[in-house]
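Peer 1: Chain by chain, the residues:
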Amino acid sequence: MRRAELITGILMAALSAYLMHKSTELPVGWISGEGPGGGFWPFWLAAFMLLSSIWVIVNWFRRSSPPSQSDEPYMDAYALKMFILVGGGVTAMIGLVEIIGMHLAAAVFLIYYIRFLGGHNWKTTLSIALPTPVITFLFFDVALNKFLPTGLMDPLYIVLYDIFL
Amino acid sequence: MELLGLLSEGFLIAFEPLNFGLIVLGVVVGLFVGAMPGLGSVNGVAILLPMTFLVPPASAIMFLAALYYGAMYGGAISSIMLGIPGASTAVATTFDGRPLAIKGEADRALIAAALASFGGGTISIVLFTLFAPPLATIALDFGDPEIFALMMLAFATFVGLSGDDIAKTIFSICIGMVMSAIGFDVISGEPRLVLFDLIGFQSKINFLVLAIGIYGIGEMMWTIEVSRGDSMMSKATVTVDRVMANLKIFWNTWKTWFMASFLGFFVGILPAAGATPGSLMAYGVAKMTSKTPDDFGKGAVEGVVAPEAANNAASTGSMLPMLTLGIPGSPTTAVLLGGMVIWGLQPGPRLFVDEIDFVWGLIASLYAANLFAALINIAFIPLFLWFLKTPFTILAPLIFVLSMVGGYAATERMFDVWLMLILGVGGYLLRKLDYPVAPAVLAIVLGPITEPALRQSLLISDGDLMVFFNRPISGPIMITAIILLFLPLFQALWRRMRNKGGATAG
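Protein sequence lines, in the order shown, are assigned to chains Z and B. So the first sequence is numbered by our numbering: it starts at 1 and just counts up by one. So the second sequence is numbered by our numbering: it starts at 1 and just counts up by one.
If you are wondering where the hints come from, they were derived from the structure by calculation, not from laboratory data. For clarity, every value in this text was computed on a predicted model and none was experimentally measured. From the three backbone atoms N, C-alpha and C, an ideal C-beta is built for every residue, glycine too. Incorrect hints may appear among the rest.
[As the list claims (entries may be wrong)] Okay, the calculated beta carbon distance ranges per label pair:
hint: 1; chain 1: Z; residue 1: K81; chain 2: B; residue 2: L247; range: 45 to 53 angstroms
hint: 2; chain 1: Z; residue 1: R63; chain 2: B; residue 2: D354; range: 52 to 60 angstroms
hint: 3; chain 1: B; residue 1: T292; chain 2: Z; residue 2: L126; range: 48 to 56 angstroms
Looking at chain B on its own, in the form it has when it is part of the complex (with noise of 0.2 angstroms):
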């Protein structure tokens, strides 16, 4: 019942004034940001974070995790509407989203998403409500060895999971870490890796420097290429009538929202998987224990409900690790802690500890937050409508101008917005050969923290690798991680028996 108790304390804060302002805002902020093709939740959060300097450290995080929500329902719109996602969490709401809205029925697929997503947003903060207080209480008791082999983990989740090449993900992160080693070495104090010499890399490259230039500048490269020729968009009646007929369409499909809430949820705890992975996956587990799989990709409304429901309840799983151990679930987690660290807050166990109130209060604005997401987004569909109408050609620009003035101010240096630009533009003309670019935020935003746990651990065992072997609690993580880096091989190795048993056997 103590978990009742901090969680009402928790309400106190969200709903003060100004907080509750900010959810509210985050939402409506997220609805628009999920809506617009070409950006997600990571590009919102990453562009929008210097701006939250104006108000307190705890407000200024309700209100990017209130967007962060906003954006997951958001992306639902137009995959619906436009046939095109609005974030890449919303791919696999396309599949079903779009055939409902050509025959007519855009209203039911719209109003259906924005169910499925508080739904599956409900159940996951209720389960992080209930997991993330032990696992702090666990992780508490980590020493330097256990730090490293959760970064590990972190990490090769990345090389297991992603499904990305295997050398250039092993790329992104090495080349993440390195910028986190720029400027000085956070042990000795001595400058390290000033990069050609250059005074603008005498101090740490800041995480956001990457973070805009690879999701403000280098995200609109790559959907303006991508992008090319105009969309059709569906018309959508929204009556009252309608709505209520909808409800109960939706109520029918209880058991594919529950199953996909608690797939989403444990697949966003991962740091490689995350919302998209999951809603796709989610989608395949709806279809599969479908009665009707052949309506799947037609038109069926559990099409929708499984990713909707899925891909909110990984972005609060997503949180999970993030508040707990200190590792962020996906891109945005990993722009929100790169923020919490700039505001003096240091994610992990001892927040549990330290800023209880600010936690709570975190928890309690995303309930608020998943409610008014829901709200807003049923009442105001035909102005978003109107909004995906705004021309690229005028959204572009502006978000070019924001990245700018969002990287200056996050520094004051215009080195740093130089910077972005070299590495936003290299970062589009490395994602065009399928370098995956998340891995490097990751990196860049742990870097700080993985360099000193495994140089202290190596100091503890007096340079023994064996420290993270020989420990209980390091020691099963440290394995997890090689088995999921060697996970690759494993499978070629697999499939070439497999290939080879079918070629005799044939």
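This is chain Z alone, in the form it adopts within the complex (with noise of 0.2 angstroms):
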């Protein structure tokens, strides 16, 4: 834990950093009879984010966070398991988005859950991640007219689009 205090301070300094940098790209100071540049707001709001971490990581130093005076891991075993699990899993699903189009990974999704990370029976999970993508595909595509990507199964979803739109 504190380890990860420290590093996530420095990282959110840096980010702060290279805010207040690409907020320079507009004038952050004052542009007579206009006021305060385009900059000027973020370019401020970073400098206090920087100063903010810098807190943090003095408060490190002087051990007066919680999380800075914590010895328990970041992640214990289980927490890292199922963060890769299932953080890796949405990223999975959304990566086949671009693939299978997005009902379609989101029941490949669901199966993977529920059958393998929830262990229920094919039953269960199949009357789950079965009738998903067609009640998105009724209420988006067709009921809301917002089309779902579709990755490269989109001769499919002509057929499907001549039938219910």
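Using the hints, build the complex out of the two chains.
Peer 2: Set out below in structure tokens:
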């Protein structure tokens, strides 16, 4: 926990510095007749971010914030395992959207999670994983006309749009 | 009497078939969302907001406000039956609700919670109806310096009152504001903060990307980590006789829920406070003023009544500044406010002039939602208990899918879905280190209002910061904000002085 606190503090300070630098692409000072320039607001906000990150780091050295006193691991074995399995699963689902489209990616993810992470039987798994893409299709694509990404499955969806729209 | 006329017209709007149906649906969804551990009103509103594009804006807001209400009722169900709060707002309900359930009096706790919620809701909506129009009238005269001062006050409450790490709170506020500044400069229209020169950052980050990331993906990851192991559910028997007996017991607690409702309402107005601290404070005050404080924590009905009345009252309270001033009183209302902006309804005092039908329809819908939440809650207790048995390993993946689909539907850009994932995971990792996430969500919603207010004010005054202090309304607000900002410092100094005094005396 202690190490994570310091590393995060330094990373956030770096992010703040980057944002300050990026803000200077627009004038950060006073433009006569126009008031503060376009970079003024984000520049000073990022400056405050940097100051508070430094404050977090100072607190780390003084050991005055709870995470900087804690000897517990930032993530224990269980948390790390779930982080990788769940976070990885969600990332893979969003990655799959580019290939098989959002509806099918959702179904694949549900099967992965409910059957393999959750350990439910196939009947439960499929009774949730199969209707979900149908419902999202009917709701978003058909009712709202918000077409969810289809990935490489375009030909299939052209047929479906023909039927439903 | 003009008020009653407006209100009755509002009722006509709220009882239009579509609106009425959506209010009932919102209440039901809210009850489920509130009852499920790991999901609260803010998660429900953030994840479901993109789904409401199907209906007209006014109906959508009524649906989401009803959901907010329902969730306040629902939170009590799992607090009592499982001993884990269904939402953070129902934490205090576990203190006495759980012991009652263990004693075999779960039905008493459930009904007391529902009725207290109803009482708290009713009192607070009446207060809302009375306070909102005059507040909006005052706020109509606000210029840019006043608006900026109010924003400062909203953020100062987080620093002064939330009790989180101050450095991390300031960081959270600023990063939310910076995120709202990405894309282009609203005044000059020039591209701004196009991070890493990615095309995706050439337009604004939609607040829903952050809200769903934090409250959908981040929250689920948090709950998965925190809620290891299964919980035990208590049994509840609900019969008409027992309901009647419980009604009587509830009436004897009227002082408690009266006090808690007022307290909850006024605490709810403060942006950093809201329903969770409101309910904890009400619990504390109820215990302090009780004739039998020793019963608290062992299954006192007042211990259920106080927090439940307060959290409902606070949820109404948090809508007061949102509608009249355009400053959300809670994360949930921040998301609601963001939604209103998407729909072209600019919250703030003008709403009470330009969108009078909408405002009064919404207020009337709160009365309706409150009543139906109470009725549906009591009538369908067995259904909620059955639903609570849904394993988290089924609920969590469904939420992830809803988050992805909803995040995409909001902006129709895959870039935003990836950004949502990154912000959600980032938010989860930061939250583990005590970085508060609510201020960032409020900031991304308020950023686009704060920046022009600041820049216009400085333009009027030719760069003189005194413009915020020497005007009759912005001055006191600004000074209050500064006092709040330094409150933690004063407290620390005070403690140090007392410790020193104590040391020399001892």
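Peer 1: If you test the structure against every hint from before, which numbers come out violated?
Peer 2: Violated hints: none; all satisfied.
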